[in-house]
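Enquirer: Protein chains in written order, with the working numbering: chain A, 1 to 583; chain B, 1001 to 1413.
What the hints contain is simulated information worked out from the structure, not anything from laboratory work. Among the clues, some could well be false.
Derived contacts from chain A toward chain B, CB cut-off under 8 Å, selection only [as the list claims (entries may be wrong)]: (1) 97; (2) 243; (3) 320; (4) 328; (5) 375; (6) 379; (7) 380; (8) 411; (9) 414; (10) 418; (11) 419.
Glycine residues also receive a C-beta, built at the ideal position from the N, C-alpha and C atoms.
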Amino acid sequence: MRNAARPAGVFCILTFAFCITCLLAASCSGRPAPTAVEGPWFTDQAHESGLDFVHFNGMTGDFSFPEVMPPGVALLDYDDDGDLDVFVAQGQMLGERPPGDALQRPPSPLISRLYRNGLEVRANGTRTLRFTDVTTASRLLVRGYAMGAATGDFNNDGCVDLYVTNLERSQLFRNNCDGTFNDVTSETRTEDRAWSVSAAFVDYDRDGWLDLFVGNYVHYDVKEEKPCLHSIGSLRDYCPPSVFRPQPGRLYHNNRDGTFSDVTAAAGMAREFGPALGVSTADFNGDGWIDVYVANDGAPNHLWINRHDGTFTNTALLAGVALGADGEAKGSMGVDAGDFDHDGDEDLFITELAREGHNLYVNDGSGVFEERGAAAGIRLPSLPYTGFGAAWLDVDNDGWLDILTVNGAVRHTADALTRKETFSLQQPKQLFRNDGNGRFVDVTGQAGAVLKVPDVSRGAAFGDIDNDGDTDVVVANDSGPIRLLMNHIGSRKHWIGLRVVGRNRRDIVGARVGIVRPSGPAVWRRARADGSYGSANDPRVLVGLGDMAGIDKVRVEWPDGRAEEWTGVPVDRYTTLKEGTGQ
Amino acid sequence: MRASIVIGVALLLMSSCTQAKEPKTRDRQVPHPVALPDLSRLEGSVQIQLRERYAALTTKQNEPGTPAVDLADAYGEMGTLFLAAEILDPAEAALLNAQTLAPRQMRWPYYLGHLYRTKGDIGSAATAFERALTLSPNDVATMTWLGEAALDRGRTEVAEGLFTKALTIESRSAAAHYGLGRAQLADRNYAPAARHLEEALALDGKASVVHYPLAMAYRGLGDARRAEGHLQQRGDQRIRKDPLLKALDDLLHSALTYEKNADDAGSRGEWTAAVEYLEKAVTLAPTRASPHHKLGTALFYLGDRRGAVDEFTEALRLSPSLAVAHYALGVIHLDAKEYPQAIASFSAAIRSDPAYVDARVGLADALRRSGQLKASVSEYERILKIDPGSSRARVGYEAALSELKRMRTESPR
């Protein structure tokens, strides 16, 4: 159990009418009280730490569709110094329009940026974050209108590589293990000219080499774009995705020689596709093989179940994860998989458009799901907002996965348009705390003023940026400054941090990690960098232990089916578990 | 039982708040100022409508001795018009004023409930619907909307109580069966869920939204065959709207709104109603191609081939690259065995949109039926590369191959 329950019954005995009123108002529901913490749970430290990125979307007042979709952000330890660096995607002017037509002054230089984390941890445990722009030195030259990023060590050299999704031509950058990158898109044959937002490195054939799934969105040509009007006349607004043709995603098989092959059709993924925005990989049906979930914008989502022979089959409809509870195709954007209810399987959380409500698909362990967003208390508070980046994270390290979403509308209200506003899409972020009983509580109001700051948020990358044992969040805002939400409450509890690597020191994304505790069920997490929206997360596994000062053992189930166990793993620090060194 | 107590006490509490008598004269304060926003970029007809309604409201405000109920109506009608136009801030102000001036009139809290639903503020929506229900306790529509709000909040027990009560008043309410079925489904009571959803479908067979939760209910019962069957029939056609909500949909004198209403009518197969909406849309926006194309489609379904051709032709005059209009003409020509014209129309549609699979199938069919078998086979093969799952293309392809084979067999003789 999470915390002692508030004695709601006392109030109910005192007055029946008051009790009924409380039942209706959900204020007497017997839920555990939130953790009492002094000060804000999160503060924004972007500016003081040197993260000075400001996104530019090229808007001119013409409401061009791509303007409302970026940017994504990635957390990756590109220099392998033990702390997370930040990559963030930048926009451009669209089409032939000169920068002078933009409503927002373009920042200089107008390029996607890589920031090196120069984290300093002193002997007394205090720490200082300082980010330095190393874009030029790293030779990370992103062309065109970038959308997001995916990370993974595709060539097994122990250095994390970077795939940058784009409006027109995505790029794969190989990390040279010396602080620089090379654009290897052409030589690796991963050139995808479709508009993509989210992608994921995934070893779907269990051969020890990361393959690449790229979720493509819609066909877009700025020269062909026709104006979309609000329903009451000539109020021009951003278009819905339904006016564009969806594009099929791409599955690239790693040939283990520095090249990839496009196996989309052979894998059976060419037949069904939608406007993809979110991608999450996990073993959803518990057969030991990684599957792929694709969140589509305004079309049924796809659950590609791995058939162990290089092919996939989409089971989303009957599995209950294609649509909302009422059968409606929602505007799915961000997605993440995680075991929020400690039953050993991975459940799905998906952000949706305002008025749709976010989806919580609860897995029964066999890849069959039930949508429980309303029952879990997520649907109601999410209805006013359009969610993008999101992830399962244990904010307070009590062992239960909470949810943080970053929000921002995609279309204006008629009220805003009549006021001739051109980019009034700002919304606050939201934090949902897992009560440990299948229900969540919107604790945004308690989490700090920074969550209430309205932004047009899109990407969000989750990871422990200051290595203090809790999950921080980098939020990439459309046409706005990046935010660095530093967590101040997680490290007050015990935790265990694990980096699971192969013999070649590659982070083994897809590995399933079980923490066997002295009491309670084992807690299972998957090492993963994918999920959220156009973003890449910390691949390390961080598990909150609450008040438990030790664990019994750690079990790692590698993607190739083998398993190893370690005992004596220390808590409240990070440990690297190397393949082949366990029992 | 517990749910009904909860609802009962809630209504009791609500009713105590709404026992205030309506003021008889206009000597009262309206707390929310209502001003016209900048209407300059709205459709002309909507601008006129809003200005006229606002002028009527202003006249009532300025007339000494206007009965409170009349002023309430003026605010309420202004508010509903804003709501129909989705200009929500002044809509809320006007409807709140109407509610204050006429506290026993259920329409205004009912529409406020829908306004808050539109904003995603389900708590306020539920409060407004509760108020409307207190004023009109047997109103099934309000009861089902309050039930929907309870479902949004995850309070299935409250929802079940409301939908059940609605069915005791109106046993043939598809909306109440639909709501009760979904509430039971959320509680994993699959058998009653399936029963109520089947009933909803029996009462409103066009409501394709029912199929998905019904499929999930059968899945829960272990009946995969029925589940799959309903998944294939799923759609987004909602349960028929209640009269007050329908009135809101019909309120706006706007070409785009008429076109949207026609889409709804068409998807229910109500082609006469669709034609009526589209004729209004065409009158308001004669230079827009889309309503002409849709009017042509509606007329075609009503059997007026000539009228349909005229409308498609007009749509193409206004927008020569409108692929769907070329396609529609192709279908009409193919149906009339006018193969050269059909081939020309389908080809024009493909030129406008090379990925238009239906147009490609139409072209392949027209080629096959006109005897151009080799060309039709090539076209079918092209389609099956783009869309391997196209059953129409597969059937046509096999028919063309079979015909070609038969001709080759016969030709040596």
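Enquirer: Look at each hint and say if it fits the structure.
Expert: Against the structure, the hints come out as follows:
At a threshold of 8 Å, the smallest CB-CB gap from residue 97 of chain A to chain B is about 22 Å, leaving the interface hint violated. At its closest, the beta carbon of residue 243 of chain A sits 12 Å from a beta carbon of chain B; the interface hint therefore is violated under the 8 Å criterion. The beta carbon of residue 320 of chain A is positioned within 8 Å of a beta carbon in chain B (closest approach about 6 Å), and the interface hint is therefore held. For residue 328 of chain A, the suggested interface contact is upheld, since its CB lies about 7 Å from the closest CB of chain B, less than 8 Å.
Against a cut-off of 8 Å between C-beta atoms, the interface hint on residue 375 of chain A holds, since the closest Cβ of chain B lies about 4 Å away. At a threshold of 8 Å, the smallest CB-CB gap from residue 379 of chain A to chain B is about 6 Å, leaving the interface hint in force. Nearest Cβ of chain B to the Cβ of residue 380 of chain A: about 5 Å, under the 8 Å cut. The hint holds. At about 11 Å, the closest approach between the beta carbon of residue 411 of chain A and any beta carbon in chain B exceeds 8 Å, and the interface hint on this residue is violated.
Here the hint on residue 414 of chain A is kept, as its CB sits about 4 Å from the closest CB of chain B, short of 8 Å. Satisfaction of the interface hint for residue 418 of chain A is found here, the shortest Cβ-Cβ separation to chain B being roughly 4 Å, below the 8 Å cut-off. A distance limit of 8 Å between C-beta atoms decides the matter here; for residue 419 of chain A the minimum to chain B is near 7 Å, and the interface restraint holds.
Checked against the numbered hints above, the structure breaks hints 1, 2 and 8 and satisfies the rest.
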